[in-house]
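Residue numbers (the numbering used here), protein chains in the order written: chain A, 1 to 252; chain B, 1001 to 1438.
Any given hint could turn out to be false.
Once the Cα atoms are required to be at most 20 Å apart in a straight line, the calculated PhoX-like pairs of lysine-lysine come out as [as the list claims (entries may be wrong)]:
id: 1; chain 1: A; residue 1: K18; chain 2: A; residue 2: K165
id: 2; chain 1: A; residue 1: K108; chain 2: B; residue 2: K1399
id: 3; chain 1: A; residue 1: K65; chain 2: A; residue 2: K108
id: 4; chain 1: A; residue 1: K65; chain 2: A; residue 2: K165
id: 5; chain 1: B; residue 1: K1399; chain 2: A; residue 2: K100
id: 6; chain 1: A; residue 1: K245; chain 2: A; residue 2: K226
id: 7; chain 1: B; residue 1: K1401; chain 2: A; residue 2: K108
id: 8; chain 1: B; residue 1: K1333; chain 2: B; residue 2: K1055
id: 9; chain 1: B; residue 1: K1255; chain 2: B; residue 2: K1342
id: 10; chain 1: A; residue 1: K100; chain 2: A; residue 2: K165
id: 11; chain 1: B; residue 1: K1255; chain 2: A; residue 2: K100
id: 12; chain 1: B; residue 1: K1417; chain 2: B; residue 2: K1350
I should point out that these hints are in silico values taken from the structure, not numbers from a laboratory.
Treat the numbers as computed from the prediction; the structure is a model and nothing was measured.
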Amino acid sequence: MLKIENLQASIGEKQILKGINLEVKPGEVHAIMGPNGSGKSTLASVLAGREDYDVTGGSVLFEGKDLLELAPEERAAEGIFLAFQYPVEIPGVSTTNFLKTALNEIRKYQGQESLDAVSFLKRMKEKMKLVNIDQSLLSRSLNEGFSGGEKKRNEVFQMAMLEPKLGILDETDSGLDIDALRIVAEGVNTLRDGERSFIVVTHYQRLLDYIVPDFVHVLYKGRIVKSGTKELALELEEKGYDWIKAEVDALV
Amino acid sequence: MTTPIDFKAQLIAEFQLNETRLNGESRSSLHQRRRLALSRFEQLGFPTIRHEEWKYSNVKNLVSQEFNITPSAEISHEDLTSLEIPNLAGNILYFINGQYQPQLSTIVSPADEVEILTFTEGYKKYPALVEEHFAKYADDLNDAFTALNTAFAQYGAFIHVTKGKVVETPIILRFISDARTENVAVQLRNLVIVEEHASVKVAESFRTIGDFSSFTNTVTEAFLGKEANYDHYKVQDESEKAFHIGTTQVHHSDKALSYDTTVTLNGGWVRNNLNLVMGGEYVEAHLTGLYLPNGKQHIDNHTLVDHAMPNSYSNELYKGIMFDKSTGVFNGKIFVREDAQKTNAYQSCKNVLASPDATMNTKPQLEIYADDVKCSHGTTTGQMDEEALFYLQSRGIPKDKGRALLMLAFAEDVVEKIKIPAIREYLESAIAKKVGEV
Chain A
1 MLKIENLQAS
11 IGEKQILKGI
21 NLEVKPGEVH
31 AIMGPNGSGK
41 STLASVLAGR
51 EDYDVTGGSV
61 LFEGKDLLEL
71 APEERAAEGI
81 FLAFQYPVEI
91 PGVSTTNFLK
101 TALNEIRKYQ
111 GQESLDAVSF
121 LKRMKEKMKL
131 VNIDQSLLSR
141 SLNEGFSGGE
151 KKRNEVFQMA
161 MLEPKLGILD
171 ETDSGLDIDA
181 LRIVAEGVNT
191 LRDGERSFIV
201 VTHYQRLLDY
211 IVPDFVHVLY
221 KGRIVKSGTK
231 ELALELEEKG
241 YDWIKAEVDA
251 LV
Chain B
1001 MTTPIDFKAQ
1011 LIAEFQLNET
1021 RLNGESRSSL
1031 HQRRRLALSR
1041 FEQLGFPTIR
1051 HEEWKYSNVK
1061 NLVSQEFNIT
1071 PSAEISHEDL
1081 TSLEIPNLAG
1091 NILYFINGQY
1101 QPQLSTIVSP
1111 ADEVEILTFT
1121 EGYKKYPALV
1131 EEHFAKYADD
1141 LNDAFTALNT
1151 AFAQYGAFIH
1161 VTKGKVVETP
1171 IILRFISDAR
1181 TENVAVQLRN
1191 LVIVEEHASV
1201 KVAESFRTIG
1211 DFSSFTNTVT
1221 EAFLGKEANY
1231 DHYKVQDESE
1241 KAFHIGTTQV
1251 HHSDKALSYD
1261 TTVTLNGGWV
1271 RNNLNLVMGG
1281 EYVEAHLTGL
1291 YLPNGKQHID
1301 NHTLVDHAMP
1311 NSYSNELYKG
1321 IMFDKSTGVF
1331 NGKIFVREDA
1341 QKTNAYQSCK
1351 NVLASPDATM
1361 NTKPQLEIYA
1371 DDVKCSHGTT
1381 TGQMDEEALF
1391 YLQSRGIPKD
1401 KGRALLMLAF
1411 AEDVVEKIKI
1421 PAIREYLESA
1431 IAKKVGEV
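Sequences are here, hints too, so could you generate the full structure?
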């Protein structure tokens, strides 16, 4: 589904990703862990098409298409969804209206008819239950004045509505208490259907107690320095990142 | 050989010519007031950019043009179809090049609720009332265009809302400059008197037809009695070749409540003055504005809130989206006089530069002479929020559409407060079109 080869990216003069290799197959959940500043969020942003980064080398294929050639909205329409670490507040645009526009733009790209009002509302109701989100929140301006937990739930709700093939969660656990974390994780888990894949970017193991990954990768200084299964995450939880840093730094 | 035209001399000559036709009316106190205003205009002359109030708005191109200052008004219903506002209902008055068009107009409110007349009819019917209020509020001592307007006061509307009457049906004044055959200049003067405990909604819509230049110099004075409610809209959608200078002057008595909303969709060169004087206590005033210039349009909003008495509240929000090579000015003055304790005055001006070539000049001016007051002001001018745009794109919304959506949301703050549904809907669709949503 997703094939990243030797991906390099920089912001200004500073190179952040120094050759990432990663393959994600349908239905798989990959966790990307690593210390602060290792490039985790950059990887998520580059995959979603954020313009602040320059891709300086490597390739990314998504379902056989060159992802790096596509605009952010085209990537979304191809089936990539980025759940933001800091969801943006947009005054004056209701979540409902925003999602209707987004959904219909994606359908247009895919050559489908717009969803009629009734079907749209039906879909909304259905997905609202997944993340336990309230109707009143959705008629308010997008993320404006939402609590941290409400913002993250709204991200997962949007993901449920747009039904991507690949969901990228960028530090979705940051700023959440345990109850909010559980709600968000359960929402994600219900979207795991054996076909949909996820990349879960996180600093901490605790999210992975709820969203159990198939693979865990450790990113350090812009490279994946260690890959393993969920046990690796537990090991990191226990021992921290220093031993990995020491291992890698010893090699240079 | 042609000599450069002197617009000022042309106007003064026209005034004198006009005077000879007045016969007995020339001795009326109204006309004496006009004369006084003309002499003030003569002294003041047109302002230059050396004048602090006109620093960013140069009238040079306006005063060097040749206009027919007494244009005729011949127009048919068909000519106006392109200017229609869908579903507009209420008291609708059409003025073409200043002249009232009864055959196009509809007045539905009963006269015991509100008298809606032309300025001239109003003076004939209620001379004492007009003399009591006319030219008492708008400043023709320092403002040349107001002086000029007062001197030529003749065309426009007279609105008198009877004490205690709540006029539900809005009054819509449609001022249309017909510049199909020549450059036209029009002076409009409106007088609105809202008696105690009365309430009214008045909208002024400015449009142009034709490819020639137009110059509109308009003054609307409103007197609000005790606990009067006044909802006033100024909606401008004029041509690239239109010059517009307007003053909206509002005088509040105790506990009066006013809303002034100014929306400029288009206009070649626009200067709007909105002056509020709180002559009473416990006044509440809301001032909102929205402007969306494109091309080389120039839009200048000058506002003045004069807290002359204690215990009043004013809240001001102006927003602009600047396209292409447009220029804009916001100058917001707030006076809090020595006696005006317990004043609450808020002002905010927010601008989005949708093009790197657009310019916005903002200047808040607070002069506070009382010590127990709450005042705040803030202005921002910046690019479109790129992070918000990326957020929309990451959900599948193309960049252009995302940008339009953000601009619409930005404008909606002002538009949603408009209480005449047909005008709100008309603006919503016009703005959507302008920001590229449609």
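Each hint tested on the structure:
1. A:K18 / A:K165: Distance of about 26 Å is beyond 20 Å: violated.
2. A:K108 / B:K1399: 15 Å, holds
3. A:K65 / A:K108: This hinted pair holds, its Cα atoms lying about 19 Å apart.
4. A:K65 / A:K165: Between A:K65 and A:K165 the Cα gap is close to 14 Å, so the pair holds against 20 Å.
5. B:K1399 / A:K100: It holds: about 16 Å lies between the C-alpha atoms, which stays within 20 Å.
6. A:K245 / A:K226: Roughly 11 Å separates the two Cα atoms, so the pair holds.
7. B:K1401 / A:K108: Distance of about 13 Å is within 20 Å: holds.
8. B:K1333 / B:K1055: 15 Å, holds
9. B:K1255 / B:K1342: 14 Å, holds
10. A:K100 / A:K165: This hinted pair holds, its Cα atoms lying about 19 Å apart.
11. B:K1255 / A:K100: 44 Å, violated
12. B:K1417 / B:K1350: 17 Å, holds
In this structure, the earlier hints numbered 1, 11 are contradicted, and the remaining ones agree with it.
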